[in-house]
Structures are given as C-alpha cells and as structure tokens.
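K.L.:
Chain by chain, the residues:
There are 2 protein chains.
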Amino acid sequence: MMRTRPLKVALLGCGVVGSEVARIMTTHADDLAARIGAPVELAGVAVRRPDKVREGIAPELITTDATALVKRGDVDVVVEVIGGVEPARTLITTAFEHGASVVSANKALLAQDGATLYEAAARHGQDLYYEAAVAGAIPLIRPLRESLAGDKINRVMGIVNGTTNFILDKMDTSGAGYSEALDEATALGYAEADPTADVEGFDAAAKAAILAGIAFHTRVRLDDVYREGMTEVTAADFASAKEMGCTIKLLAICERAADGGSVTARVHPAMIPLSHPLASVREAYNAVFVEAEAAGRLMFYGPGAGGSPTASAVLGDLVAVCRNKLNEANGPGESAYTQLPVSSMGEVVTRYHISLDVADKPGVLAQVATVFAEHGVSIDTVRQQGKDGEASLVVVTHRAPDAALSGTVEALRKLDTVRGVASIMRVEGE
Amino acid sequence: MMRTRPLKVALLGCGVVGSEVARIMTTHADDLAARIGAPVELAGVAVRRPDKVREGIAPELITTDATALVKRGDVDVVVEVIGGVEPARTLITTAFEHGASVVSANKALLAQDGATLYEAAARHGQDLYYEAAVAGAIPLIRPLRESLAGDKINRVMGIVNGTTNFILDKMDTSGAGYSEALDEATALGYAEADPTADVEGFDAAAKAAILAGIAFHTRVRLDDVYREGMTEVTAADFASAKEMGCTIKLLAICERAADGGSVTARVHPAMIPLSHPLASVREAYNAVFVEAEAAGRLMFYGPGAGGSPTASAVLGDLVAVCRNKLNEANGPGESAYTQLPVSSMGEVVTRYHISLDVADKPGVLAQVATVFAEHGVSIDTVRQQGKDGEASLVVVTHRAPDAALSGTVEALRKLDTVRGVASIMRVEGE
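Protein chains in written order, with UniProt numbering: chain A, 1 to 430; chain B, 1 to 430.
Isolated chain A (complex conformation) (with noise of 0.2 Å):
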C-alpha cells in the first residue's frame, strides 16, 4: 500500500498554529505516515514575516509569496492557518483550481462564504475539511456531518468561546465584575488586547453559522445569526442566577422549529442550570450539546483553543484528507438539501428571566401581570423585593416567542411605575 511518492502538504500561515502542524508533521512523521499510507512533507510555508527564526522547518521551504506555492501544482494538500476571509478566499480557491484539497481552520471565512468553497472543492474534486474552525481540538464537525449522519439534529447548544467562557466563570466563581474578571483574562492571555470579537460574541455567531449549516443539512450565514455579547452581564445577574438555581454561559443556539419548516442560529447570554452539563464548563473550555431524534443528548467537551489543540484537529482532517488523495476518493462535501430557511429572532421560543425596578406601591404587581398577559406571554414565578420606596421585581416566564417578549419589554418601559429594566435574560437548557 506505501506509495513511494510522498504527499505535499502547502502551509499557509506558520503563527501558533501554523508552527504547531509543522513540528508535529516533523516529529511524527512516522506515526502520519503509517495511518495515511504515504508519507506527507512540507512542500512551503507560506508566512509574512520571512526572516524570522523558525524552529525545525527549512528555511528553503519559507515564501512569502503564498499564491505561488497554492499554484505549484505538485501541491497535494494546502493547509489554510492565515485566517480572515482575504487573501484566505482566494488562496482557497486557487488551491482547489490547481489540484489540492485543503484543510481550513478559517471559521470567519466559512460562516460567511462557506458555500462558495464547498462549491469550487465540488467543481475540482477536491476535500474541504475544517474540524479546527469550531471549537479547537473537539472532534465536532465529524461527528455532526458523519457519525449522525443517519440521524435528525434537532438542537446544537454550545459554549464555543474559551475567553468567554474564561471571564463567565471568573464572574460566577469570585464574583467579580465584567471589567475586573476581563482584565485577568486579559493578563493570564485569554483574552487579546481587543476582545471585540469574543465578547460581543463574532467568534461565537461565526462557529454557530457553521454548525447549524452542517446540523440542519442547510445554508446558514453568519447574517442569519443573532449575536449578543456578554459586556452587559453584571454580578448582579450571576446572583440572580443563583437564586434560579443556574449559572449564567455565553451560548450559540442552533434549533430545529417545533414544525421543522425552520431553524434559528443564536448567540446571546443566558442563564442555565447547575445541574446541566453546559453548566459545569469551566475556565476556558468549550463544550457542545447536541439533541437528536434517535441519539439523544450527546455532549462533547475539551479545550476550544490554543495552538496544540487546533493543530490536533488540524491534523486529523489532513490524514483524512491525505487517505482521500490515496483513494481518489472525496469525503462528504456540503450537504444542503433540506433548504430551511433561518427565522429571525423575533420566532425564537425560550424562557426568560426580567429584573424590573418598580415602585413600592400597590397594584404594581398586577399592572406589570396585565402587560405579560396582553402579550400573550405566561409568566412562571414573581418574586418581589422592596426597599426604599422602590422596589424590584424579578418575573420568570414560561416559554414564548422572543418577539412577544420584546413587545412586553417594550410596554413595561412605559409604565409610570416601572423604573427601569435591569435586566432581561434569556433561560436555557430545561
């Protein structure tokens, strides 16, 4: 079965990750070898910075003209670590056109033109692989579009952000605030210098984009993802959550309607129980829940991040890659078939947990009871607190659809004795 010939591998960025696939591709080679069937090497790496030091890899290998090493042609197999959507797309896109399949860790890129890539992979008989652009080293997207391929996926819920998840955890545990638990994510390196796309939840919507495509066996871009960060989440809320019961995660939602005509890709805070396994994620671990008809509740859980993981991922879709090349064969391309369309928000159904700031007098209670009712929304528990003069009011609902929600929400904020919302968050996972 050896073929004498070995298979050429193009890397295409050699940063955390990048350097991580080349020293493991060196150290274990034998290992790689012996699993593919063929031996693989490093035919270039495609970097930015051509002069610095880089530990194990020759420097004769080193470009930094990434187009010419995807146009080679000998090229078996382009390994995409650059991230962003240019010049990635492109690079991609090059690569299938000159013979190469590639393996991506580019979750921006797939979320928000992923259909374009599977398309030109098809048009050239070409593999896309992309374990590591969700959720680091955690076998994922295999098992969603293989393992549970002869089965329904009905919802996909997940923590699939590691700083997030970092800096929820800090709060929950040490009750701290955003800005204090941010900076220790910050110092230890959780975080980056601007945690835009982690706090306010891009990174989260982009991995949601692409699991509700693969789950649901449609098309879902990352504009069709509702996306609320975390900034806003106080030590309040945590002790709200407590009281609940629950424990407060960033979560990427991905749910089949209860008609299956739909689904809906979200990405917000909320509130879930202690006792579900979401809850006791800690530090800055992913993990992954995923419902099916015939399956039922499957959990998968590991390290989201981090240039060990993500090359693990990384090379395990090259091995599969490099069998295919053996077998002239192709691993599953996109499947879109059933056509779903996504809803917006607005037909999302869950629970909800409102703080209202309200005045301390009578008849309050029922005003706000009255808005919930012309709303069409069912309220579960009140729970009622007063000091002062003012006085909170804590209202759990039953399930309803996020747009009557907002319109509740909406009508409160009228109400002379409602003071203010403090805040309103979403219940999960029940």
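The list makes no distinction among identical chains, and a pair is therefore deemed to hold if it is satisfied within one copy or across any two copies.
As a list, the in silico EDC-like pairs of lysine to aspartate or glutamate whose alpha-carbon atoms are at most 20 Å apart:
hint	residue 1	residue 2
1	Lys152	Glu41
2	Lys8	Asp30
3	Lys414	Asp360
4	Lys152	Asp30
5	Lys414	Asp402
6	Lys361	Glu390
7	Lys414	Glu390
8	Lys152	Asp31
9	Lys8	Asp31
10	Lys152	Glu293
Keep in mind that the hints were calculated from the coordinates and are not lab data.
With chain A's structure known, arrange chain B on it following the hints.
P.N.:
Chain B alone, transformed into the frame defined by chain A:
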C-alpha cells in the same frame, strides 16, 4: 450524482436495535438518500422468529436463512445486530466474500476476534464499521480513529456500561447497598435478569479492548484486559470515597505506559474526584475521557445503550459505508502498526485507597507503614479511627505499580495486628 439503482442493505437481527434501524430507514428514507447520494433499501431481514409481526417491514423481506441472505450477491451492505461470536463471525466474513461491506454493533465479537474481521474486510476490499459497538450513540470510534488520527492518544478512560453506572449512581445518591440498587436497576429495565456481563465487567472489558486497539494502533484482545466487577462495592466504600472528595465509578482505562513502550487496558471500580468530569455522569449515561498529546483532555458524553441511540450509530455508519460504496473507496481499516505489547495489570501504576481493620494498640501504624515501605509503596495519607479495642486504618498511597500494592496487601494480611483488609480501591483521575 443520484444513482438509479438503490443500495441494498441486509439486516441481520431485528430486535430492539434492528427494528429501530429498519424503522428509521423507512421513515427517513429521503434524508438518507440525500446524504448518501443514492437511495438505500432493505434487501432482507434475517430473524429467528419469522412469525412475529414486524411493523413497517414487508413480510416478503423476512427470512430465517441469514446465510443465504448474505450470499445473495446483490447486497451492498450487511448490518449485523445479532450479537455474540457465532454465527455473527461467519456471517460477516461470508458477507465480505460476497461483496458486501459490514456495519456491526457486535462488541463481543470485535473484542475477541476483530483482527480476523479486519483482515477479511481488507482482503475483499470491503468496509467494517462498528461505532455502535462502544458507548451506543456517542461518537467515539470515528473521533478516535479519524479526528485524532494526527495526534498521539495517551489515555482513554470511560464509563462505558450504563447498567453499572446506574447502580453505582443509586448507591452514591441514596446510600443503598449493591443488592438494593441492583434490584432497582432490574425493576426499571436497566439490568438484565442475569446481570453478570454488566456487573462483572465483561461488557466494559470488551469495549476497553476495542478502544485500546484503536487509540494505540495496536491489537488488544479481550484476554488482554484486566477485569474486576463492581459487585463488592459497599455503602462503606462510598462513605470512604465521600471523605476523599470522590465518588466511585466502574471505569474502563486504556493507557500508554510512561515510557511509551507498552499499553494496558483494565476495567475495575475506582474512586475519582468529584471535580473530574466523569464524576458527574449520572444514571445510565456513558462518557469517555480522552487525553491526547496535542488535543489535551476531551470528553464524549451520551446515552450508552438503548434501541434508538444504538440505531443512530448504526445508521451513521451505514451512510458512511454507502458513500464509500458509491465512491468505490474504503474507510480506514485496522491500524495496528505500532504493535505495542499489552502489559499485565501488575505493571499499571496508579494510587490506592486501602481500608484495614486493625487492633487498637500502640505500634500498629508503625508496623503497617513498614510493610508499605518494604514494598516500595509510598503513603500519601493515613487516617486512624478507634472503636472498642478495634480500629480502622485508611491508607491512601502515592502512585505505585499494581504488583507492589498486591505484594503489600499480601504481607499486611499476615500481620497479627491486621484483623482484615476491608477494601482496596484504586484512585483515578487526579
């Protein structure tokens, strides 16, 4: 892409799992066709009792002659869900000889004679998939042999038997003894009338053999797996575990030796810290914890048994195998290239919790400590409790080879001051 000729599937066995496979193949035929790229149809269903009414299966498909069914020659894939070594093994090898790939859920057969099946599949250019053989619907075989194909797995540790986890969970939460908890499991249908295969660890040992072989790319047979059941775990053991901040689980543990030159596989009850993700796996759920060099610590969680979950795993494999048929390709076969030997239990290095009943007089602790020292087993903590001239001594050791611990215990039993060894339990997951 859609072929006109449907792929033909022969189903061997139509019990809890088989009937669910047949049902989903019918009700979800369109989805399966879209995901495979061609329709699949049942070519025949081999059963023992042909007179039983089988809803949704055309009577003319039913046969009692499984051998004739797999020899028909027009069958693309054989799904084997009858279990046991024979006639399953002969039917599977006959299927390969007649041009069919095989999807099996047969852990006993794969653990005992996987190499023969792999070899037969390879010789005839057919696939052998068996995700359903370990941990039901939890994607585990595919993540281990594909997602982590570019990584080095050092340890697989899991709860792979739902019956025993249900019993241990009951004992933990209710304080019940083993017999009482077993009775409840039997009444609820979690334990079979003869629970031996579960409670004595035979079922878990078969799964450990399969997981170890895949994780370490070597051959591990059922006979290579050290096995201890959980029938002797007592309420007192759970009380001891609680004092240690632990609970007790029946674990399947596959490890690479520290020097990398050998592997071990074992099944036994063990204490694990409550903070370990496996500690919170409740009821009949399964979970498997994987430690890999680059990926770090991963966990896979879900229902480990049951008709629907197992059918989900079978159908995921069926989609993959059918896709391979269309591509005229094969999935990954056996990978046993490392040829790592399997060491015996004596060479396993772990920690121990030992409860001794001793005479309550001066010098006993010194005597006991001397025995540990003579056998090279270093003590971490000792707790001594006296009552009525008797005392109990609880010793928790540092990591030591199992053989050294056995020698220690043998010597302890010979001491006049040691009235009895109340329990010995390994401590894992720290």
